[in-house]
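The residues making up each chain are set out below.
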Amino acid sequence: MGNKILMKGNEAISEAAIRAGCKLFFGYPITPQNEIPEYMSRELPKNGGIFLQAEAEFAAINMVYGAAGAGARVMTSSSSPGIALKAEGISYIAGAQLPCVIVNISRGGPGLGNIAPSQADYFQATKGMAHGDFKIIVFGPASIQEAVDLMQDAFDLADKYRNPVMILGDGMIGQMMEPVEFKERKKIDIPPKDWATTGTRNSNGKRRIINSLEIEPEKLEELNLILKKKYDEIEKNEVRYEKYLVDDAEIIFVSYGTMSRVVRNVINKYRKEGIKAGMIRPITLWPFPKEVIRNIAKNNISKVFISVEMSLGQMVEDVELSVNGLKPVYFYGRAGGMIPEPKEIMEFVSKLKY
Amino acid sequence: MGKIVYKKTKGLTDAKLHYCPGCLHGVIHKLVGECLEELNVLDKAVGVAPVGCAVFAYNYFNCDMHEAAHGRAPAVATGIKRALGPDSVVFTYQGDGDLASIGTGDIVHAVHRGEKITVIFVNNAIYGMTGGQMAPTTLAGQKTTTSPFGRDPNHCGFPLKVSEMLAQIPGAAFVERVSVHDVANIRKAKKALLKAFQTQIDGKGFALVEFLSTCPTNWGLTPVESIKWLKENMIPYYPLGNFRDPYKEGGN
Amino acid sequence: MPKKGKVTFDIDLCKGCELCVAVCPVKIIALDKNKLNRAGYHPATILQMEKCIACSSCAIMCPDSVITVEEIE
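Residue numbers (the working numbering), protein chains in the order written: chain V, 1 to 354; chain S, 1 to 252; chain E, 1 to 73.
In isolation and in its complexed conformation, chain V is listed as follows (with noise of 0.2 angstroms):
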């Protein structure tokens, strides 16, 4: 029987990151995650960790890739712009094939933007984080509790698969407080980590490099195609999501994190009136829930899907390509950090023809 206790997002994040192994934090402040760094400044080092406030966003990743190259559990943390100057650092870590956790709690963009919450980060998340062919696992946590539970999969996932993970949430998850309980968590097997630089004493001898660049195409395409083999049994092992009421829906709502919690009350007021509602809430934006999508896609109930974002949509995307021209898809969303409350929601899609 566990003990809840009543944490503010960032602060059971940290905690959570503390309690799943890791050993070093780099980080910089930037609105509204700086309560990450603040806990982890005050609290990793009584954990026998190390913090350390780098220069800038794209010095803390470079300080993960080092000490990641170096077989240590590491984790970063930053908003949407910070997130972007990590961009290069990321396909590094990536290309080297190294694990990391990287949090970021979104704010409205682009640009400086503001602090709102915001989910306009999708895209960066899950396609285009950097430059050259790689992914990274996004995890898109609905609550603090689900946070607090993914870390410890996101620091045994990167070590599992040797690649980043990141936590993409935003500033409403960052900000709120929730009762929140640290489990124990099983630990899931991990390799050793032989390919670590911690000094040829450690390796008889035999040198480790950590590296991303190979001149020679031959041998660069190998390198993607080792990656692309990681990815497809990424796809295959680790996609996560909820399904809410969506076995007998006839409109289909697509939502993830803060947002899936509105759509929810949504599907709820729906279900009063007798309308059946339901939600498909991804968990893992990649792998995205492509297959679990197109079955419903497929069924004889559903009637409409409807993607819900706090953005202009780009998740919407990724339900088009799952529902692949079977059933109509919708979009509803709002920017800046403004949040689609379910009056509106359910005016638009009292408009919608399906």
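Since the hints were made in silico from the structure, they are not lab data. We put the beta carbon where it would ideally sit given N, CA and C, even for glycine. Misleading hints may appear alongside valid ones.
[Claimed, not checked] Only part of the chain S face toward chain E is listed, based on derived beta-carbon distances under 8 angstroms:
1) 2
2) 3
3) 22
4) 186
[As the list claims (entries may be wrong)] Cut-off 20 angstroms, straight-line C-alpha distance, at most; resulting in silico cross-link-like pairs (EDC-like, lysine to aspartate or glutamate):
5) 3(S) x 10(E)
6) 228(S) x 18(E)
7) 16(S) x 216(V)
8) 16(S) x 18(E)
9) 8(S) x 10(E)
10) 3(S) x 70(E)
11) 135(V) x 221(V)
12) 206(V) x 37(S)
13) 10(S) x 70(E)
14) 3(S) x 12(E)
15) 44(S) x 194(V)
16) 353(V) x 320(V)
17) 272(V) x 235(V)
18) 7(S) x 18(E)
19) 206(V) x 34(S)
20) 7(S) x 71(E)
21) 135(V) x 235(V)
22) 8(S) x 12(E)
23) 27(E) x 70(E)
24) 10(S) x 10(E)
Place chains S and E on chain V using the hints.
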């Protein structure tokens, strides 16, 4: 059978260096290898390679190596050193574009933190790998492919004096500028580099050695002519000497 | 009694840069224009080994670790 008084250091691998004929990167590499070998720290060393002519440095130093993005080596080295702790010898090897252009922020902050790493900074007043463009260290009046009429400080600024800049920072424990253009200077450079590594081993703080070097290919000179050019043009602007020495300054 | 030395060149590593030629105090090194090594360079060679004083200047200056120096009695 005579007594061998000079042979290739164990601090370098068997890989053939790809540098241009007469490029002094090779000399500096030898010194790094020799120092790590003589200090008996090869098996606890991790080096960070730059982007530049020395991008393949991870093939040459006989220890664990980590490639870094352009300019980011001090940050990468910070991550490695903080992960491995004091019983490690972490060094970066960077050129003038890497350290003094894109990497200025990274190096300044690593020095401020007194990061216990050793930085080998190779200053040859030009961008080698990309074909001879102006570097932050290119001298006033020097012609390069992006300063074809000679560098005009009024237009694009004065050359950076990295050692002088960094030496002012409290976190800098050891800073020295050396040259490797002749045997006497190579010997002095090695002494400085040994001290720079010892500074890290003794936990005294940040150490940097700035090596004045040549780029015969992009200077458009033979290797022997380049030596002369370095002596006559670079040393007057970039004076050799020690700027910080923890063993002379005392304290911890 | 001045030292006597013997130097060996791993000639396939030589790039013909002539830095060793420039620094040898007894001027006994030159490029062998009659020879090309595997990389297509004229490698450095010793003209008069008996004059070598085992100062190691050539080996210290060589960027490519071509030279090994022995002191002989």
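How the hints compare with the structure:
The interface hint given for residue 2(S) holds, since its Cβ lies 3 angstroms from the closest Cβ of chain E, which is under the 8 angstroms cut-off. Of the supplied interface hints, the one on residue 3(S) holds, with its beta-carbon coming within about 5 angstroms of a beta-carbon of chain E, less than 8 angstroms. Here the hint on residue 22(S) is kept, as its CB sits about 3 angstroms from the closest CB of chain E, short of 8 angstroms. Interface hint at residue 186(S): satisfied, since its Cβ lies 5 angstroms from the closest Cβ of chain E, which is below the 8 angstroms cut-off.
Our distance criterion of 20 angstroms between C-alpha atoms is met by residue 3(S) and residue 10(E), whose separation comes to about 18 angstroms. Restraint check for residue 228(S) and residue 18(E): satisfied, since their Cα atoms lie roughly 14 angstroms apart, inside the 20 angstroms limit. With a C-alpha separation of about 18 angstroms, the suggested pair residue 16(S) and residue 216(V) falls inside the 20 angstroms cut-off, and the hint holds. Under the criterion of a C-alpha separation no larger than 20 angstroms, the hint pairing residue 16(S) with residue 18(E) is consistent with the structure, at around 18 angstroms.
For the suggested pair residue 8(S) and residue 10(E), the alpha carbons sit about 11 angstroms apart, so the restraint of at most 20 angstroms is met. At roughly 5 angstroms between alpha-carbon atoms, residue 3(S) and residue 70(E) fall within 20 angstroms of each other, so this suggested pair holds. Between residue 135(V) and residue 221(V) the alpha-carbon distance is near 16 angstroms, which keeps this suggested pair within the 20 angstroms criterion. Taking the CA atoms of residue 206(V) and residue 37(S), the gap is about 16 angstroms. The hint holds against a cut of 20 angstroms.
In summary, the hint linking residue 10(S) to residue 70(E) is supported, as the alpha carbons are separated by about 17 angstroms, within the 20 angstroms threshold. With a C-alpha separation of about 24 angstroms, the suggested pairing of residue 3(S) with residue 12(E) is violated against the 20 angstroms cut-off. About 16 angstroms separates the Cα atoms of residue 44(S) and residue 194(V), which keeps this hinted pair within 20 angstroms; it holds. At roughly 17 angstroms between alpha-carbon atoms, residue 353(V) and residue 320(V) fall within 20 angstroms of each other, so this suggested pair holds.
A distance of roughly 36 angstroms separates the Cα atoms of residue 272(V) and residue 235(V); the hinted pair therefore is violated under the 20 angstroms criterion. For the hint pairing residue 7(S) with residue 18(E), the CA-to-CA distance comes to about 19 angstroms; that is within 20 angstroms, so the pair holds. Simply put, residue 206(V) and residue 34(S) have alpha-carbon atoms about 19 angstroms apart, close enough for the 20 angstroms limit, and the pair holds. Proximity of residue 7(S) to residue 71(E) is assessed by CA-CA distance (about 12 angstroms); at most 20 angstroms being required, the pair is judged to hold.
Between residue 135(V) and residue 235(V), the direct Cα distance comes to roughly 11 angstroms. Compliance with the 20 angstroms bound is thereby established for this hinted pair. Between residue 8(S) and residue 12(E) the CA atoms are separated by roughly 15 angstroms; this keeps the pair inside 20 angstroms, and the hint holds. Distance hint between residue 27(E) and residue 70(E) is fulfilled; the C-alpha atoms sit about 18 angstroms from each other, no more than 20 angstroms. A distance of roughly 16 angstroms separates the Cα atoms of residue 10(S) and residue 10(E); the hinted pair therefore holds under the 20 angstroms criterion.
Hints 14, 17 from the list above are not met by this structure, while the remaining hints are.
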